[in-house]
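First to last, the sequence lines map onto chains D and V.
Mapping the first sequence onto the working numbering, position 195 (from 1) lands on 403, and the numbers just tick up by one.
Mapping the second sequence onto the working numbering, position 70 (from 1) lands on 196, and the numbers just tick up by one.
Keep in mind that the hints are not guaranteed to be accurate.
[As the list claims (entries may be wrong)] Not the full set, but computed from the structure, chain V residues with beta-carbon under 7 Å of chain D:
#1 F275
#2 Y415
#3 T417
#4 T422
[Unchecked claim] A few chain V positions that, by computed beta-carbon distances, are all more than 12 Å from chain D:
#5 V149
#6 A173
#7 M181
#8 G186
#9 Q189
#10 M191
#11 L233
#12 F272
#13 A340
#14 R355
Worth flagging that the hints you see were computed from the coordinates, not collected in a lab.
In this text the structure is predicted, and so the values were computed from the model without any measurement.
Beta carbons are placed, not taken as given, at the ideal position from N, Cα and C, and that holds for glycine.
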Amino acid sequence: MSQSISEIKLIKQNSVFTNPFIKTLIKKNNFFLSAGAFIIICNFLIAMLTPVLPLPSFKDYDFEKRYEKPSLSAPFGRDENGADVMTLVFWGSRVSLTVALCVVSITTIIGLLIGSIAGYFGGRIDFFIMRFLDMIYAFPGFLLALAMVAALGPSVRNLILAMSITGWAGVARLVRGEILHLKEKEYVQSAISVGNSSARIISVHIWPNLIGVMTVQCTFAMAGTLIIESGLSFLGLGAPPTTPTWGMLLNSGRYYLVEAPHISIFPGLAILFLVLGFNLLGDGLREILDPKSRTLK
Amino acid sequence: MLSAFLKPFFKRILLTIPVAFGVLTLTFFMIHMIPGDPVDLILGDLANPLDKIEMRAKLGLDQSMGHQYITFLFNAVQGELGESLFSKKPVSELIFTRIGATFELALTAMLFAMLFGIPLGVLAAVKRLTFFDRALVSVGLIGMSFPGFFLGPLLIYLFAIILGWLPVGERGGFANLILPAMSLALPLGAILLRMTRASMLDVLHEDYVRVAKAKGLGNFKVFYVHALRNALIPVITIVGLQFGSVLTGTVITETIFDWPGLGTLLFDAIQRRDYPLVQGCVLIVSLIYVTVNFITDIAYIMAHPKMRMS
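Next up, chain D with everything else stripped away, as it sits in the complex (with noise of 0.2 Å):
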């Protein structure tokens, strides 16, 4: 019973359904966030239920049926080695997923912490943050993850890895901006007078404020992380061989553009649609967050 009545109805006005950010995504109805929405909960649902529908194995090589055109029994047609390009399309979604996802926490939770100690202590502690910050926001990303997987070799571990090295450098300076602007904020000010403890003030009074910022970078940076990860597996530096991505059958299929087209285009499809639909999530999302965007749409 430590907790005053007054504490307990600040916690149900932090609770999800009354959180400001999410009601307004209730409330509005937004056509790009919808249809990214669908496509986003379309390919998860795909990803996980793959290993359960009763699909051919990817593994399932009949040289006969090379190069089919799509058709009923095979819908998006068949590749070199004759297995159905629709399974394998659909394996391929777990890996990028997956990655992706991983990616987007790892980068996520070290950009927030690194970003509010940088933006609520400031000072001497904020400078050296931002210097670092500043060095790795210089380097390619992309060149640097593709050396290290070279260097390395191909795994999905790895792959997360060389990803996640130089990805949170953005999301560390976005949040040390919001910080800075909240911490001026009247809320946070009193909060510091009572004597809360600087981990408090931040988890509970900042970060909250954050969800709505931090969901459009989440969404954004899951496209990018998804068109990078398929670049480096279209290059040959993703997961193992043995595992379908989509980056990788698209490299196969680029060889047999003239006799099976539909080996890259459905794989290449997949992509597109799936980074599309964050793109447009994130769009919406920002649409709905931002009031300037939306009387200027």
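Based on the hints, put chain V in the right spot on chain D.
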């Protein structure tokens, strides 16, 4: 006034030096990150022990780490990047023969992107809230989501295989340049379209635009002379910052179109595990990236009187 201008300039230079060192250090450690003995990887497990010792000495791996690092830095600063394991030619020479093709491709792509991104962005802003604007915004979103490694094969299929209008592969005349440059340009052009539109919408509310309209100037003059000039400042920054991503994007585009630039050099080097060459390519492209970002920053400071003061 001069010192107020020079101060941020020097600050940027001071910031760029550690970044360049960081790039050098990371590429140095790349060869040490390879799990196991790089010599085993290069020569194979069953290689003659004498060959291994020779190779180790050649790569300088028998020296202490600090010594190796200093040697690497000194050599790199002098443009000495070692020798390709595969072709036995100096890495710097290989890079030098390829770099022109990459620049040709990247610059053409930037030009394409600006040519269709900026005017369409202005058009979308001028006709805001109409069907036309919404269509352009949607096209922009789709273009932004188009991965180059899908667009490339798609363009080849459409324009080279089905229609047979344009050639693929080989560097040659302008016709050979169109498809690879287009596949690099579309995502960038889409970003520029969105940026230009947003930037124009900001500017169209400004007083000087209203004044220009009130003076009775024609729409074309108001939008393209008075508004666009101011709206372009953030767009130009994006162009500069995106040059880096276009440059790294060439790795994939060149691979698809067999373009004889740095990208294919790097891709082949990765396939053959030619580590000194991979190291050299990553180093050079990263340094170009850092330099372009530096120039963009300076241009931004020069264009923004406010930034000069802070």
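Original post:
Which numbered conditions among the earlier hints are violated in the structure presented, ordered from lowest to highest?
Top reply: Result: hints 3, 4, 5, 12 break, sorted rising.
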